[in-house]
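Protein sequence lines correspond, in order, to chains A and B.
The first sequence begins at 1 in the numbering used here and counts up by one.
The second sequence begins at 242 in the numbering used here and counts up by one.
Simulated from the structure, these hints should not be mistaken for laboratory data.
Relax, there's no trap hidden among the hints.
A short, non-exhaustive set of chain A residues, derived as facing chain B with CB atoms under 10 Å:
#1 L134
#2 A156
#3 Y158
#4 A162
#5 E189
#6 K235
Each residue gets a CB set at the ideal place from its N, CA and C atoms; glycine is no exception.
Residue-level listing of the chains:
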Amino acid sequence: MIEPKSLTDEERAVYEWQMWVPEFGEEGQEKLKGASVLISRIGGLGGVVAYELAAAGVGRLVLAHAGDVKPSDLNRQLLMTHDGLGKSRVESAARRLRELNPRLEVEAVAENINEGNAAALVGSVDLVVDCAPLFEERFQMNREAKSQGKPLVECAMYEMEAQLTTFLPGETRYLHELYPEKPEWWKREFPVFGAVSGAVGCMGAMEAIKVISGIGEPLTGELLVFDLGEMRFHKMKLGPS
Amino acid sequence: MKVKIRYCGQLKQAAGCAAEEVDPGSGLSAQELIAGAAARHGEPLTGYLLDESGRLRPTVLAFVNEEQIDWETPRPLGDGDELVFMSAIAGG
Chain A
1 MIEPKSLTDE ERAVYEWQMW VPEFGEEGQE KLKGASVLIS RIGGLGGVVA
51 YELAAAGVGR LVLAHAGDVK PSDLNRQLLM THDGLGKSRV ESAARRLREL
101 NPRLEVEAVA ENINEGNAAA LVGSVDLVVD CAPLFEERFQ MNREAKSQGK
151 PLVECAMYEM EAQLTTFLPG ETRYLHELYP EKPEWWKREF PVFGAVSGAV
201 GCMGAMEAIK VISGIGEPLT GELLVFDLGE MRFHKMKLGP S
Chain B
242 MKVKIRYCGQ LKQAAGCAAE EVDPGSGLSA QELIAGAAAR HGEPLTGYLL
292 DESGRLRPTV LAFVNEEQID WETPRPLGDG DELVFMSAIA GG
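Let the sequences and hints guide you as you build the complete structure.
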C-alpha cells in the first residue's frame, strides 16, 4: 500500500509542470514520492524507465542488474558512460540517477532476478517494471508479482518493434500466463536501436506513473505494439484466457 | 475475399516478409489460415508458429482485427480482416 508523502517547497518547484497535469496535481505527486519501484534489468529499457521515474519524483527505486558496463551497452544504456566501462552497471546507474534527483532513495542490487532473490526484491516495492532480456527472469518477476499482488509493467523490444502492457493483480493475466512457455529461439543479444528502447522505456515509465498515481488509463488487458520502422502503432486486446 | 497477414518480431524474418495479402476463400477460419500460411512458407516459419501437433505455439499470440484469438475456438474470417502473429520478445 502506497503511503503518500507530503512535498517540500523544493519538490513543488521541481515537479511544478507535471503537477499542472489535470487530475494529477499535488496529490499525485505525493503518491509518487511515497512509492517504491523495482526495475530489472537497468539496461537500454530499464535505464530509461529508471531515469524517467527518478525525474518524475518516485521516492525509491530498487535496481537489479548484475555485471559491468561493456562497449556494446553504450548504444542504448543511457545510464552508463564511457568512463564507466568495466565498472558495475548498477553503481553507474545509481550515481547517474542521484545526479538528476538527489532526493531519490536508490537501492542498487548487483544481481539479476533469480529464484533466490525475487521474493524479497518484489516484496520490498509497490510496483515492478520488467525490462529483463531473459524469459527465466521475466517469468520469475511475474510469478512473484502475481503471488504478492503487485502490479507489473511489462516492456519488450526487438529491432525497431516494441511491446508494452500492464498487469494488475486480480484483473489481468501475468506474463507467464500469457506465454506459458519460454521461446526456445530467444537470445539475450538481439538487434535493437537505443531510440527503440528509449521510446518503450519512456512509455513504461508513464505506465508506472499512471498506476501509482491513479491517473489516465493503464494498458490493462491491452498490448501496445509499435514498429518504429513503419511508425505503426496498435493497441491489441488481450483475451481473458 | 482478401485477408491481410502481418508478422511481428522474429516471425518477420522467418516468413521472409512483414505482411502479405491472401485470398483464402470464404468460410475459412483464422486457425485454418494460420496452418495454410505455415505450409506455404515452410520452415523456419512453421517451426516458429506451430508445434508438432499443428497447434499454435504458446510463444506466439495471434490477433484478428486487434483482438487476441483463442486457438480452441474457430474464428471465422471476413473480407478485409487483418491477422497478426506476434512472437514473444523481451528486454535488454
